[in-house]
Amino acid sequence: MMIRIGLLLLSLIVSAHALAVPEIETWRTANGARVYFVETHEIPMVSISLAFDAGSARDPVDKLGVAHLTNGLMEEGAGDLSGEQIADRLESVGAELGSENGRDMSVFNLRTLSGPVELDTSVGILAEVLARPRFPDAALQRERNRLLVNLQRVQQSPRAVAERAFYRRVFNGHPYAKPPNGEEQGVRAIRRDDLLDFYHRYFTAENGIIALVGDLSRGRARELADRLFGGLRRGDPAARVPRVPDLTSKLEEMIEFPSQQSHILMGQPGVTRKDPDYFPLYVGNYILGGSGLISQLAVEIREKRGLAYGVSSYFRPMRERGPFIIGLQTRNNQRGLAISLIHDTLAEFVDQGPTQEELQAAIKNITGGFPLNIDSNTKIAGYLMSMAFYGLPLNYLDDYPEKIKAVTVQMIKDAFRRRIDPARLVHVIVGGQVS
Amino acid sequence: MLMKTKSLKIGGLVLVGTLINACATPGGISSVDGGVYEKVFDNGLKVIVKVDRRAPVVVSQVWYKVGGSHEPDGLTGISHVLEHMMFKGTSELGPNEFSRIIAANGGRENAFTGRDYTAYFQRLEKSRLAVSFELEADRMQNLQLDADEFAKEVKVVQEERRLRTEDRPEALVYERFMATAFKSSPYKNPIIGWPQDLEKLTLDDLERWYRSYYAPNNATVVVVGDVDPDSVYELAQRYFGELPRRQVAPVLSSTMSSQPSSRRISVSAPAKVPYLLMGFHVPSLNSAGPDAWEPYALSVLAYVLDGGKSARLESNLVRRQRVAASISVGYDPVSRLSTLFLVDANPSDGKDVAQIEAAILSEIDRLTRELVTTQELQKAKAQIVASHVYQRDSGFYQAMKLGELETVGLDWRLEGQMVDRLRSISAEQIRSVVRKFFRPANMTIAVLKPVAS
Chain A
821 MMIRIGLLLL SLIVSAHALA VPEIETWRTA NGARVYFVET HEIPMVSISL
871 AFDAGSARDP VDKLGVAHLT NGLMEEGAGD LSGEQIADRL ESVGAELGSE
921 NGRDMSVFNL RTLSGPVELD TSVGILAEVL ARPRFPDAAL QRERNRLLVN
971 LQRVQQSPRA VAERAFYRRV FNGHPYAKPP NGEEQGVRAI RRDDLLDFYH
1021 RYFTAENGII ALVGDLSRGR ARELADRLFG GLRRGDPAAR VPRVPDLTSK
1071 LEEMIEFPSQ QSHILMGQPG VTRKDPDYFP LYVGNYILGG SGLISQLAVE
1121 IREKRGLAYG VSSYFRPMRE RGPFIIGLQT RNNQRGLAIS LIHDTLAEFV
1171 DQGPTQEELQ AAIKNITGGF PLNIDSNTKI AGYLMSMAFY GLPLNYLDDY
1221 PEKIKAVTVQ MIKDAFRRRI DPARLVHVIV GGQVS
Chain B
240 MLMKTKSLKI GGLVLVGTLI NACATPGGIS SVDGGVYEKV FDNGLKVIVK
290 VDRRAPVVVS QVWYKVGGSH EPDGLTGISH VLEHMMFKGT SELGPNEFSR
340 IIAANGGREN AFTGRDYTAY FQRLEKSRLA VSFELEADRM QNLQLDADEF
390 AKEVKVVQEE RRLRTEDRPE ALVYERFMAT AFKSSPYKNP IIGWPQDLEK
440 LTLDDLERWY RSYYAPNNAT VVVVGDVDPD SVYELAQRYF GELPRRQVAP
490 VLSSTMSSQP SSRRISVSAP AKVPYLLMGF HVPSLNSAGP DAWEPYALSV
540 LAYVLDGGKS ARLESNLVRR QRVAASISVG YDPVSRLSTL FLVDANPSDG
590 KDVAQIEAAI LSEIDRLTRE LVTTQELQKA KAQIVASHVY QRDSGFYQAM
640 KLGELETVGL DWRLEGQMVD RLRSISAEQI RSVVRKFFRP ANMTIAVLKP
690 VAS
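If you read the sequences in order, they're chains A and B.
Following the working numbering, the numbering of the first sequence begins with 821 at its first residue and continues without gaps.
Following the working numbering, the numbering of the second sequence begins with 240 at its first residue and continues without gaps.
These aren't lab readings, by the way, just hints derived from the structure by calculation.
Hints may be right or wrong, so weigh each one.
To be clear about the criterion: a stretch of chain B counts as covered by chain A if any three or more of its residues have a C-beta under 8 Å from a C-beta of chain A, and this derived list gives those stretches [as the list claims (entries may be wrong)]:
#1 339-347
#2 527-540
#3 630-644
Ranges of calculated distance between the beta carbons of each label pair, as one might list FRET restraints [as the list claims (entries may be wrong)]:
#4 B:P509 / A:E1043: 50 to 60 Å
#5 A:R1244 / B:P483: 50 to 60 Å
#6 B:Q486 / A:Y1216: 48 to 58 Å
#7 A:G918 / B:T612: 25 to 35 Å
#8 A:D940 / B:E667: 32 to 42 Å
#9 A:T846 / B:E609: 43 to 53 Å
#10 A:R848 / B:G528: 54 to 64 Å
#11 B:S505 / A:R1038: 51 to 61 Å
#12 A:G944 / B:G313: 57 to 67 Å
#13 B:Q383 / A:Q1172: 27 to 37 Å
The beta carbon of each residue, even a glycine, is placed where N, CA and C say it ideally should be.
Chain B extracted, bound-state conformation:
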């Protein structure tokens, strides 16, 4: 990934579980950009194709514009439960038959729900793409929500919640932290849902959710692999082309996420090692608007702070001052609403979270006063350029980037422009975003207080 979306220890995603010469622009395709093709069908479905002929394989992903951030209070977790139920059969297929067919075709499959999307994918030998399209088109409109299957699956999701959150102290801190930093933005709710909401979720709720968001005009299909775009569009027409357009529920408008003063919580949980999570409200590419440079400056800043062992935070806090045993930065500019720039850390033996907090704030203070050095900026940009090359090694990852951009409300063509935009960022612009956003009033801090079990 190009922009820095690393990777606090807690992730944002919840998982379930014929060639033609490509020189000419294939007929009927509305747009081509850097080897990526786009076509919008009459029913509103957008299909993006990227040719990658390194291996005889293909990845196919279906992205729906619905996720945790579309959920009203009281229905949290419904997008993710529906994602699980999408494997439980249609008017054509029994429970898990989808998975059996994909497996028999040599495929790997799964799905994931994020704050802004729900996505389903298959990885297949290239001749099997039609299998994916046929099955995905079927469950886009024919899902059968069965009461017995639902009763079992909601238990599975509750187990998943115990596994991912309840029994992981740092994940618990993250959940409470988000609920503290965001008051009105739907990003305050966990993707997997609050336990009390999962308890009272009904089959009718799911049915309504499915009817509200699962439609060709609310979906994007992304295909990356050793394929010919024309043939992919023929297949897409055959399987998805006749699905009816549907009225899609209006999306909650975005909410401003500034705060009047800093917020601070502590979470007590059975644990051994203290933990600090700090965040500042910042814009995303989508919330900032098409010409904004601030998200790019924040992305380069993430590299300056945490691009590797020689970056500022690890170099100063882990190696020189030895106040932190580990520290990392997270900023994902590809999100629908404005978001947070995060720093998390564990103190080293004999140090505490207050010392880490002071050390981080002192790094921020320095960034507001002094420009980052030319050398640091060059290094960050060298890493950005290199990681853009490395990401081409994964077809799945390339598809992720395109699908994510499109689904959060941006344009997939941005992917081809990212490196240049990031490289244009100056030291002054970095100082400017630090001064603007990294203010005490804009900050939320959560700490884990280990209690003996």
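Just chain A, same shape as in the assembly:
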């Protein structure tokens, strides 16, 4: 059989204008929360994401874990309802409520059927959880105990140990150094008042956003948004997280671990969500380590030498500069080779940038695959949450393919040279002794 790939490629770059980018509506609740909404009626369901600027970056330094426990405990008793009643009522209408916290955000995700009973019940309960959490002592004791067990489980995962050490080194002294799920000593010290203080300070309308996607009208979305945040006081946006300083030198941390593989993380502070260099760095990183089996790093490490199963790099954009991370795992006695290959590949990329061909292939993938990013309610809700939380422009999705196409080889070279210094990388290695 002949493969006629050449022909297929000719018609390739998908026109951005032909793409169905969802129409986004936005407004503020009466008490000041930003609301982003997309109406889709194909499936009788509604996805709601709420985010507060109340991530672990806000944890008191002596009580790491407050953000995590506040987020987790809000649904463990609110108003007249016990935690069990909250769970029971949501589950009885088939609704799913998830809560999670990262360094920037404290998030609640609700997925519910769009029928009036299901929607009113689940939104009513979530509104109670937001406005009148009780933080019962008994629930705090139980959840603290579970968190401590979880932190023990972290200690048996070389990957998790490496990640915590990596953030500690890259963000040394900055709030992003704090782990989202806290640290044992701090968690043990947390009292109910700490959660109440944290809640009162950060869970306010001006400090939160609402994203709704699904089978409901704009009028209904307005009504639900007002109900969800109606019990919150207006408050103020949280103070800015400090800027992330550059690393001043290379930093290496080796952590002994009883594993067959070494988990290696290398990196630096990277980009903010609204960084002017975001697009050149994103496209450049696709070529360097963001394109699966065909990235430069994967070719050097995996395809040419079989050294690792997973090797990749990425920028994790945050409110302030999130990390640029290169990661891989390899048998302990190969880690020296793997590290020097990463180093050489990165240094060469920073020095020379990609070829024009590599750039064209990257642009084709990212723009050609753009519809895949927004092909479900869940994915659209995720984008809305990021756009609302980080204050991205309303036409972010519409303009995205054009911004990608505008990236040039020179822009990538220039951005990587200014932003990534291979001589000042953090190296974290978690692994066993080399026999």
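Since the structure of chain A is already known, use the hints to place chain B on it.
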């Protein structure tokens, strides 16, 4: 997913890595059911198409009826290694060229090997479906197995095994647990293979495996997205239609998986938190036969026990008794052979696995004596109905369900009947499966004993 296939912390899969009005039944299609189309080509290839016009995208999956459970002892892991090698070139394309072409077409791709199948997929903007078909048809018959590529790739798989199993204490427990619970069933072997088998695997073995199972008459193509079924079948005819039928190796017959008495192992590994994994031999939809209701009762039971925070196990063991820090249930009725109903848990601080075991057994004892309440049953069914709606939000997931049913020996039409069958389950039927299967003799338990590093 509709039936409860959740999701112990260790997964079962191993990963690599033009429109027409749809009202009329398109010509040449042998069957339509609930918006899903099926056509079987002369060479035995079955192509299933589900139209979902929410976004201008398409997912295409090729499912082969071969996986870990088809492997004889000594060749474990071969299906998964072959899955990796499927990216290493054909008589037409060089190594990784497949991936480069998909990427240049804006696609995302990967593959996964399970106990009962090996599957390959691409997600693409809808006009690119032909690219997927052309490439998949090529590697269905023209794979070039190269010695150098194989030597490197088997190392990659060995690294993958270290990552997924060797360095994860709970995954190690799962592997040993399966080898204990199953003695004759091929489900005793890990999908990724035993280390000693990976060591001695040869290129000839792979060549034979490929020739034995990769053929249109042993494959199902599933397409879900903003497509017209007629056009999909035209494309399928063009790219797959001429591939020759092949003799496919006979499948090992299923084996009975009951056991004479309970089995118990402990696994010592560097770890911090103890872990308990408990399982009971139970039927799957395929092993139980087309009219069986027991797998449906077991699926509803999984929701009653672990449908959420208010379900029995979390409510009683985590919240009230505080004996467990976490607990979850796993039952996948969509498998070729009879399977296991699993419960796994970590004890809370100051408790041990023996206390969790006692608490779980006491919950089971109660289920053998008392019927689940009407309210619990209604809640489980509300969750089943809702999750069936939510799963429509993912085209990939819809394709997974169809491909999986078809490949394990069931009929994809079952997907449209699941909710009704689950809703028909009564409290008496749940008690009946608990009494029948959740007996001590039918139970295997594995515990993780953490040792200091």
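For each hint, the structure was consulted:
no., hint, verdict
1, 339-347, "holds (count 8)"
2, 527-540, "violated (count 0)"
3, 630-644, "holds (count 4)"
4, B:P509 / A:E1043: 50 to 60 Å, "55 Å, holds"
5, A:R1244 / B:P483: 50 to 60 Å, "59 Å, holds"
6, B:Q486 / A:Y1216: 48 to 58 Å, "55 Å, holds"
7, A:G918 / B:T612: 25 to 35 Å, "26 Å, holds"
8, A:D940 / B:E667: 32 to 42 Å, "34 Å, holds"
9, A:T846 / B:E609: 43 to 53 Å, "52 Å, holds"
10, A:R848 / B:G528: 54 to 64 Å, "59 Å, holds"
11, B:S505 / A:R1038: 51 to 61 Å, "59 Å, holds"
12, A:G944 / B:G313: 57 to 67 Å, "60 Å, holds"
13, B:Q383 / A:Q1172: 27 to 37 Å, "33 Å, holds"
The structure does not agree with numbered hint 2 stated previously, though it agrees with all others.
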